[in-house]
Amino acid sequence: MTEIAQGSSREHLLIVSQDLVNSKMAGPGIRYLEMAKCLSHELDVTLAVPAETSLKFPEINILRYFEDRPESLQLLVENADIVLISGYMILKFPFLANCKQRLVVDLYDPIVFENLHYFQDEPQINQDNQNKQAINVTNSLAKIGDFFICGNERQRDLWMGVLMANGRINPKTFTQDNSLSSLIDIVGAGFPDRPPRAVPFLRKMVPEIPENARVILWGGGIWNWLDPLTLVNAWPDVLAVHPEARLVFLGTRHPNPVVPDHEMAFKTVQLAEQLGEKDKSIIFFEWISYEDREALLCESDVGVTLHPIHVETRYSIRTRVLDYLWAKLPVLITDGDVTSQWVREFNIGIVVPPDDSKAVSKALLELLDRPKSTWEPNFATLPDRMSWSHAVKPLLNYCLYGRHAPDRVPGENPIALPVAMPSARPVGLGQGILRAAYILRSKGLVAAWHQIIFHLKWLISHKR
Amino acid sequence: MKILHVSQGYFPALGGTEWLMTRLSEELVRVYGDDVTIFTTNCYGGDAFYKPSLPAMPVGNEDVAGVHIRRFPVARQISRVFHTIQFLLLRLNGSVPHAVRLYGDGPIIPLLGRMIKKFPADIIAASSFPLLHMYTTIKASRQSNRPCIFFGGLHPEDKGGFDWPIIYKTIQDADHYIAYTKYETDYVITKGASPERISTIGLGVDPEPFHDISQPEAKHRLGFDNSPVVGYIGQIVPHKGVDTLIRAMPRIWKIYPDVRVLVAGARRTFADQLEKMVAEWPDEWRHKILFCYDFKSEIKPWLYAALDVFAYPSAFESFGIAFLEAWSGGKPVIGCRKGAIPSVINAGRDGLMIDYQDDIMLAEAIVTLISNPDWAQKLGQTGYQKVLANHTWPIVTKRFREVYSSTLEQYKSEQYLLNN
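Sequences listed follow chains A and B, in order.
Converting from the first sequence to my numbering requires adding 901 to each position, the first position being numbered 1.
Converting from the second sequence to my numbering requires adding 1 to each position, the first position being numbered 1.
Simulated from the structure, these hints should not be mistaken for laboratory data.
Cross-link-like lysine-lysine pairs, in silico, DSS-like; alpha carbons within 25 Å at most:
hint : chain 1 : residue 1 : chain 2 : residue 2
1    : A       : Lys1001   : B       : Lys183
2    : B       : Lys379    : A       : Lys957
3    : A       : Lys1001   : B       : Lys339
Heads up, incomplete: computed chain A residues facing chain B, CB under 8 Å, no partners named:
hint : residue
4    : Asp945
5    : Thr947
6    : Asn962
7    : Leu964
8    : Glu972
9    : Ser973
10   : Leu976
11   : Glu979
12   : Asn980
13   : Ala981
Everything numeric in this text was worked out from a predicted model, so none of it was measured.
Where is the CB? At the ideal position from N, CA and C, for every residue including glycine.
Build out the structure end to end from the sequences listed, making use of the hints.
Structure below.
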């Protein structure tokens, strides 16, 4: 029997990002863009994004979907072989539960833990609703996936429990692969295969940063579950020894306007103001573009991330640390998460105990006293282990050789889909007013005004 | 090689099989110097096999482009009687015996079997099912000890036409079967055919006329401005889904009010129904649609060139040569996830697939392509490259000829073993 080929025999992967993928983007957008770029060497890749984007890459198709027109995503899903989804998408697009394509579920973001921080200041009923919803979403995802990916070994153990509770660890999946790696594997964060591009960004461009400045970088958002306050509290001690030091926060506001403000960002700005260092030796950017982020990394001397020890820390994956490693920045990090293990293992920075400003100032002084270049040899082996092309291998293998999970019938997932709970996000006018009133009460007029402006901007961009 | 092709029609008769037979025969003569003869009817279309009132070509012999054509008369009056019986039985009974259907659809060619037996061909190839001449051909081949190849052009979704066991018994009796798509191959295997005796060979197109026409010029020629144009080019019959496109348009106009629609093809009675649908639209919508019936073949590339999106939401096709024509012009295509079409369109790479009669998803597909012109162009260009790699007539003819040669060799070996 002879047969002709009908065009590309490469698998077609659709990655659905629920966060912005644009010149300014946060962790999820970066993750999916970098994964798409990396996987496009061996797969046909389409990246579906929720808002307009100015980014273009010849190797991947970036197409927009519309939350108010679910068919716009359904069309893309039905024209792919494999679909990667995450988080709350199942709520917005229930058809995903019954799609006939192979479904990869990305569990790298433990939303249940995040929400505990996120909504901590909300009324109890709201917290309970958000918690129930996140658990329902997680359970639904556990039921419908053919293959699951997560951020690290600790997460894999966590999600194993969830999969087991949802009946996915069973004789069929065990017979397929008794290690269960073909059910759930690790696709952590990574960094690009090329070095970051150094172009002038801070020095000479930002008046507060002199030519001889030593830059300490907080290289991500100021989220509620992190601890920038200990860093700011330690700052006067650092400044006393190194008056040329500058502390730069990459972003006070999530680039996606639908994401509510984080209380921690206000507290940090407020503390810097109290110290009299805001816009002097402590610089806050609202959010910078993906390209500028590279330049900022190159101009920095130390990368910092601090957090309290809590349950989110244990399972989180701090993608900003990967950025530091990419730029060969020595890292100052709190003990307790996976990335702090890396810092110890590779001797690429200093690990401090939680909530200890003295330890932080001591470590920073030590890091600033030592030339940045002396750390470089310690980073030499990292690209082989932590580049995106290494990180995506389990997903690539699944796309190339995997199949539907043996316990899932494509197109038939008899699950009770989670019901959308009243959201803390202003989805309608009434809820928007309530949310604005809440922010006004809890955070003040400036914060409320900020939120309204961002929401309006988002509405305009989505209407467009 | 001395080849005898047997077909229900031949150029200037219109249709997929007719076009395949014409281009294949001409290429075999032109490129390989084969001696090709075609036995066919004198009818312009399938209706004429049982409608004596329809015009017909002169019977007799002629040579065109080196191909010897012999057109046989058809016993239309006999088929007419069977066709009437078939019609009545369908009304009264809901079903029709196969023999009645077979003789009703024809073509009844009284001298065909005898002439095939007499004709000194090395190999005989016939197309297409479910028509009567296929059975005549296999019987005559067997009686005259020549290998017989079928390319059946099956439409398995058309249960009335193709759900007859005798078709698949006859395919098993043939020395080789050429399917147009993997879907067709899989289907005949499930019906008992031997996989070793099947080849999948797509159909062909001449891409040049479609490729180098300026789109603005084509739009201007058809009276369109520079607004996006979505179009259907094909027979105006119910199963082709052109009504789905008409139903989808209001949804598209909510987002892109300037989009224009072109519906072009051989006019059939279904066109009245479409025009009735359009007549119920408000004036502002009616002015956005252009019907273009029974155009000359040289106009066809201009029609495709004017399009931004080619929508062909058909229920069943043996291949869907219209997709090849659209790709030849670098156009993104939309087809249905039904029958052989998923074997032709590579979903998400050279076109988009929707469910049959799903006007909401068709609208969404058109909107998505119009919203993303770079991507739409990429899909069209991928299709164009696929045409160049697999579906030009020289490539397709080479594959057909390889099958003819290997079948002939195998037949000779089998005969030798039988006789010694």
